[in-house]
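Keeping the supplied structure of chain A fixed, place chain B upon it in accordance with the hints.
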Amino acid sequence: SQQGEEDPQALSIQEGENATMNCSYKTSINNLQWYRQNSGRGLVHLILIRSNEREKHSGRLRVTLDTSKKSSSLLITASRAADTASYFCATDEGNSGNTPLVFGKGTRLSVIA
Amino acid sequence: GAVVSQHPSWVICKSGTSVKIECRSLDFQATTMFWYRQFPKQSLMLMATSNEGSKATYEQGVEKDKFLINHASLTLSTLTVTSAHPEDSSFYICSAGRAGKAREQYFGPGTRLTVT
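Here the protein sequences line up with chains A and B, keeping their order. For the first sequence, our numbering begins at 1 and goes up steadily by one. For the second sequence, our numbering begins at 1 and goes up steadily by one.
Worth flagging that the hints you see were computed from the coordinates, not collected in a lab. Model, not experiment: these values are computed from the prediction. Each hint should be verified, as a subset may be incorrect.
[Said to hold, decoys possible] Restricting the straight-line Cα-Cα distance to at most 27 angstroms, the calculated cross-link-like pairs of lysine-lysine (BS3-like) are:
| id | chain 1 | residue 1 | chain 2 | residue 2 |
| --- | --- | --- | --- | --- |
| 1 | A | Lys105 | A | Lys70 |
| 2 | A | Lys26 | A | Lys70 |
| 3 | A | Lys26 | B | Lys41 |
| 4 | A | Lys105 | A | Lys69 |
| 5 | B | Lys41 | A | Lys70 |
| 6 | B | Lys64 | A | Lys105 |
| 7 | A | Lys105 | B | Lys66 |
| 8 | A | Lys105 | A | Lys56 |
| 9 | B | Lys66 | B | Lys14 |
| 10 | B | Lys14 | B | Lys41 |
| 11 | B | Lys41 | A | Lys105 |
| 12 | A | Lys26 | A | Lys105 |
| 13 | B | Lys66 | B | Lys41 |
| 14 | B | Lys20 | B | Lys64 |
| 15 | A | Lys56 | A | Lys69 |
[Unchecked claim] In silico contact screen, one side only, chain A against chain B (beta carbon under 7 angstroms); selected entries:
| id | residue |
| --- | --- |
| 16 | Leu75 |
| 17 | Ala78 |
| 18 | Arg80 |
| 19 | Asn98 |
| 20 | Pro100 |
| 21 | Phe103 |
| 22 | Gly106 |
C-beta: ideal position from N, C-alpha, C; glycine also.
Just chain B, with the same shape it has in the complex:
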């Protein structure tokens, strides 16, 4: 159990367009989901914390109007990169905390975004 999926696994888009990435907890309810970004040969950096039914909390330096996060249900959070630019090209990974379960988070397989 405790599987998290992401869709799409990779996407190429043109500069100026918007891209939506979905993160789903397949077999459990996730009250909290996290979005991380990873640039090549670097570590994961937390972008935002998403709580079901409320506004996301963004880390310092992450533009909330550019990276729109919606957590409309206990199994789905979406990240929309608006007006994407080449510098937004990165590997985006979500994770989900399992309601009532301590200490563990479950990571999605990641989405590679390339903006041309």
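Isolated chain A, as found in the complex:
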């Protein structure tokens, strides 16, 4: 079943601007991950944040997690046209690679040069 909800569903920004995407989930989790998917392609793992972490950085990406609100945000700073893609959050309730991920509906980001 799908438990994540991304907000907004679609986002269009100018190159150089920051893009913020939000994700909400329903159940308790062990970790939350963000993925990128270019049109018609596979998933690219961006970042994983554990349930006991509040913020994590990776290059131009910043992820926050608020377990009390069951929400996470992904911030992409200084966006580039190459960042155009769909972004999904995914959660799992287990603590191993043997637990399926539950994906949110995704945000389609368009970065205009």
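What follows is chain B alone, placed relative to chain A:
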């Protein structure tokens, strides 16, 4: 390391025929593999969980007799779409959990199935 491949990357078949999709973990052993389906402009939906040497566990609403899953070895799982229909046209993605490694799954590049 931790590469997952899928074959074929795309396939077109006629309605009523069967199609087999392979998912391989190339450099690690995967005790568990997952099959997801993604319709255009939608998210990934889990279809089934495949454990090596045992029967797959299907999600509610997924017909096990239509989507046959075999996980005969620690590096290979196959999904066979039997008697395919146009509504089965979708993007099928597998992922593999790495034995002994927590928290990470590795996704294949996906297979685009078009049923005419």
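(message) Could you work out which of the previously given hints the structure breaks and list their numbers from low to high?
(response) As far as the earlier hints go, 16, 17 and 18 are violated by this structure, in ascending order.
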